[in-house]
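For the record, the sequence lines run as chains A and B. If you read the first sequence in our numbering, its first letter stands for residue 8, the second for the next number, and so on. If you read the second sequence in our numbering, its first letter stands for residue 8, the second for the next number, and so on.
These aren't lab readings, by the way, just hints derived from the structure by calculation. Check each hint, because a few of them may be wrong.
One copy or two, it doesn't matter: identical chains are merged, so the pair holds either way.
Unchecked claim - Capping the alpha-carbon separation at 27 Å, the derived lysine-lysine pairs in BS3-like fashion look like this:
#1 Lys206 to Lys310
#2 Lys81 to Lys53
#3 Lys20 to Lys81
#4 Lys200 to Lys310
#5 Lys180 to Lys20
#6 Lys200 to Lys296
#7 Lys296 to Lys182
#8 Lys56 to Lys206
#9 Lys310 to Lys56
#10 Lys81 to Lys56
#11 Lys200 to Lys182
There are 2 protein chains.
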Amino acid sequence: MRIEIAQAAECLKQCEDVYILIHQSPDGDCVGAGFALMQLLHAMGKRAKVLCPEPIPARYGFLTAPDSGEFPAKYVIGVDVADLQLLGNLRSTYEGHVDLCIDHHISNTDYADRVCVDPDASAACQVLYEIIQALGIPLTDSMAACIYTGIATDTGCFKYENATARAHEIVAKLKREHALPYARINRNMFDVKSLGRLKMERAVMEIMEFYLDGRCTMICVTQDILRQMQVEEAELDGIAGLPLQVEGVEVGVTLKEKEPGFYKISMRSADRANVSRICGQLGGGGHVKAAGCALRGTLSQVKEILVRAVEQELALL
Amino acid sequence: MRIEIAQAAECLKQCEDVYILIHQSPDGDCVGAGFALMQLLHAMGKRAKVLCPEPIPARYGFLTAPDSGEFPAKYVIGVDVADLQLLGNLRSTYEGHVDLCIDHHISNTDYADRVCVDPDASAACQVLYEIIQALGIPLTDSMAACIYTGIATDTGCFKYENATARAHEIVAKLKREHALPYARINRNMFDVKSLGRLKMERAVMEIMEFYLDGRCTMICVTQDILRQMQVEEAELDGIAGLPLQVEGVEVGVTLKEKEPGFYKISMRSADRANVSRICGQLGGGGHVKAAGCALRGTLSQVKEILVRAVEQELALL
Numbered sequence: 008m009r010i011e012i013a014q015a016a017e018c019l020k021q022c023e024d025v026y027i028l029i030h031q032s033p034d035g036d037c038v039g040a041g042f043a044l045m046q047l048l049h050a051m052g053k054r055a056k057v058l059c060p061e062p063i064p065a066r067y068g069f070l071t072a073p074d075s076g077e078f079p080a081k082y083v084i085g086v087d088v089a090d091l092q093l094l095g096n097l098r099s100t101y102e103g104h105v106d107l108c109i110d111h112h113i114s115n116t117d118y119a120d121r122v123c124v125d126p127d128a129s130a131a132c133q134v135l136y137e138i139i140q141a142l143g144i145p146l147t148d149s150m151a152a153c154i155y156t157g158i159a160t161d162t163g164c165f166k167y168e169n170a171t172a173r174a175h176e177i178v179a180k181l182k183r184e185h186a187l188p189y190a191r192i193n194r195n196m197f198d199v200k201s202l203g204r205l206k207m208e209r210a211v212m213e214i215m216e217f218y219l220d221g222r223c224t225m226i227c228v229t230q231d232i233l234r235q236m237q238v239e240e241a242e243l244d245g246i247a248g249l250p251l252q253v254e255g256v257e258v259g260v261t262l263k264e265k266e267p268g269f270y271k272i273s274m275r276s277a278d279r280a281n282v283s284r285i286c287g288q289l290g291g292g293g294h295v296k297a298a299g300c301a302l303r304g305t306l307s308q309v310k311e312i313l314v315r316a317v318e319q320e321l322a323l324l
Numbered sequence: 008m009r010i011e012i013a014q015a016a017e018c019l020k021q022c023e024d025v026y027i028l029i030h031q032s033p034d035g036d037c038v039g040a041g042f043a044l045m046q047l048l049h050a051m052g053k054r055a056k057v058l059c060p061e062p063i064p065a066r067y068g069f070l071t072a073p074d075s076g077e078f079p080a081k082y083v084i085g086v087d088v089a090d091l092q093l094l095g096n097l098r099s100t101y102e103g104h105v106d107l108c109i110d111h112h113i114s115n116t117d118y119a120d121r122v123c124v125d126p127d128a129s130a131a132c133q134v135l136y137e138i139i140q141a142l143g144i145p146l147t148d149s150m151a152a153c154i155y156t157g158i159a160t161d162t163g164c165f166k167y168e169n170a171t172a173r174a175h176e177i178v179a180k181l182k183r184e185h186a187l188p189y190a191r192i193n194r195n196m197f198d199v200k201s202l203g204r205l206k207m208e209r210a211v212m213e214i215m216e217f218y219l220d221g222r223c224t225m226i227c228v229t230q231d232i233l234r235q236m237q238v239e240e241a242e243l244d245g246i247a248g249l250p251l252q253v254e255g256v257e258v259g260v261t262l263k264e265k266e267p268g269f270y271k272i273s274m275r276s277a278d279r280a281n282v283s284r285i286c287g288q289l290g291g292g293g294h295v296k297a298a299g300c301a302l303r304g305t306l307s308q309v310k311e312i313l314v315r316a317v318e319q320e321l322a323l324l
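Whole structure, please, built from the sequences with the hints as guidance.
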């Protein structure tokens with residue numbers, strides 16, 4: 008059942024002995040929302056703990072706080088978890104037993120008994136902030152740091168479309184009322200990369216090919232190239248966005264060779280091109296600015312197909 | 008004479024036929040403030056134009072607007088110009104003739120008759136916004152885009168310490184009241200780089216050396232290396248900040264060989280190290296997080312001196 012902010016606040020008043028579930032590949036928003044909620048429940052005199060299917064990376068350590076130790080759950084809340092799949096190894100235990108979900112994903116699958124979702128909110132932390140306001144409970148500095156980090160994370164530090172007026176209003180209030188080391192948080196969240204990651208990104212930029220007067224780039228990650236770059240495929244996470252850094256690029260295409268003659272393709276649009284339309288025509292799909300498909304053929308055949316498809320889309324702009 | 012926001016508003020009411028001067032190496036803040044002010048003066052029924060000592064780069068073209076054509080100046084306003092030196096080839100004409108300066112640099116040299124400086128403001132655009140509020144003149148969408156771009160530019164898209172509560176409040180208001188293509192602006196300002204720049208950054212990362220367990224990095228730009236990288240020294244603008252991207256780096260040191268045996272050094276601190284103290288001990292100076300000095304000797308002597316100096320500072324942390 009979908010519920011409003013005020014009803015979610017009511018649920019938090021009523022609940023006892025709470026397990027808070029956050030998603031796998033934990034990020035600043037789910038860790039921030041999870042631990043802000045835990046501290047809120049502590050302030051309300053309740054026992055609570057955060058459960059994550061994977062260890063929380065050290066860079067989010069500053070958001071965590073001591074939990075209430077061992078106790079059996081009477082109430083389970085999913086936070087920033089749009090789909091049960093994202094619960095990883097926690098899924099089998101909690102499927103069908105999630106009492107409340109606090110989220111901002113339009114794709115939320117309503118797996119919880121009560122679901123408080125605001126798809127216009129920049130982050131789950133923004134939804135939680137509104138619930139805390141409805142409760143009238145003052146934030147601590149530590150909760151404020153959690154809420155700030157969630158909003159900053161999901162808006163790309165206020166860079167994306169979802170950095171709405173409301174998101175800025177909340178952050179203004181957090182900065183006015185709390186001692187927030189936000190410049191340090193931003194640096195750790197957005198500027199710092201491991202040396203290995205920086206080297207990998209460099210290697211990827213090195214093999215980037217340019218088509219259609221530089222409006223289309225292609226990165227072809229063959230098994231050979233993976234061996235040459237000495238990286239695991241998992242480490243290539245997020246490289247599809249790299250070509251969009253280059254001035255003049257409208258569509259960035261990344262090919263990954265899954266087996267000889269079979270390629271998985273990720274496409275990203277810088278601005279106006281609709282890559283969902285391009286990938287749709289090639290049997291795939293996705294969002295307007297991020298989509299994918301799979302193609303069979305030789306590398307040169309596949310590249311030819313992709314360049315022609317991108318060319319057609321660019322002709323529409 | 009230093010004046011307050013209300014007095015600056017009064018100056019704008021009184022003035023006629025205005026030349027607005029912005030600084031060399033124009034950026035989003037001076038271009039945004041310059042053209043927002045020009046449009047404000049137009050809305051007040053006055054003639055105005057923006058003068059820049061250098062051509063305004065194409066990426067800031069969306070901030071510009073048609074001026075009032077040719078007319079002789081009766082009033083001259085410097086915007087975001089802390090020092091006459093920043094006026095480049097406009098200096099000789101306007102030195103001693105600047106009636107008003109609107110700025111946010113604590114280092115403003117008071118070269119204008121009246122100076123409205125708020126060092127706590129994130130950007131000159133923020134100071135101008137407060138003046139416009141005092142005047143009670145409504146912003147147009149185009150002026151709002153100028154003010155937004157200035158604040159976003161100077162705060163590193165809300166990443167730095169100067170992204171204050173007030174800066175967020177203003178941006179929230181601009182986003183609520185105007186059609187602002189902010190995601191597109193942010194992408195063009197903060198994500199996109201020329202291919203040449205990306206290649207140069209890659210080459211620089213390639214020659215980076217690590218000292219003191221990776222807490223100190225050094226980039227040694229010798230004349231030999233410049234020739235090898237095939238870049239002009241001017242293109243190396245801003246590379247001193249690159250090492251701070253690397254996880255674990257506390258101090259980034261960049262050496263530039265000016266002539267055989269003579270090096271200019273830039274130092275940047277990621278967070279806690281005081282590079283002003285380090286450079287001060289070596290005969291230089293600067294800010295806590297960005298400082299410089301000059302050293303003579305062989306490359307290996309100079310590197311040894313620098314590593315020892317950084318080591319001493321890190322031992323204090």
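Against the structure, the hints:
{"no.": "1", "hint": "Lys206 to Lys310", "result": "both (26 Å within a copy, 24 Å between copies)"}
{"no.": "2", "hint": "Lys81 to Lys53", "result": "within (11 Å within a copy, 69 Å between copies)"}
{"no.": "3", "hint": "Lys20 to Lys81", "result": "within (14 Å within a copy, 66 Å between copies)"}
{"no.": "4", "hint": "Lys200 to Lys310", "result": "between (31 Å within a copy, 25 Å between copies)"}
{"no.": "5", "hint": "Lys180 to Lys20", "result": "within (24 Å within a copy, 33 Å between copies)"}
{"no.": "6", "hint": "Lys200 to Lys296", "result": "both (25 Å within a copy, 19 Å between copies)"}
{"no.": "7", "hint": "Lys296 to Lys182", "result": "between (32 Å within a copy, 22 Å between copies)"}
{"no.": "8", "hint": "Lys56 to Lys206", "result": "neither (37 Å within a copy, 47 Å between copies)"}
{"no.": "9", "hint": "Lys310 to Lys56", "result": "neither (49 Å within a copy, 50 Å between copies)"}
{"no.": "10", "hint": "Lys81 to Lys56", "result": "within (12 Å within a copy, 68 Å between copies)"}
{"no.": "11", "hint": "Lys200 to Lys182", "result": "within (26 Å within a copy, 31 Å between copies)"}
In summary, the structure is inconsistent with hints 8, 9 from the numbered list given earlier, while agreeing with the others.
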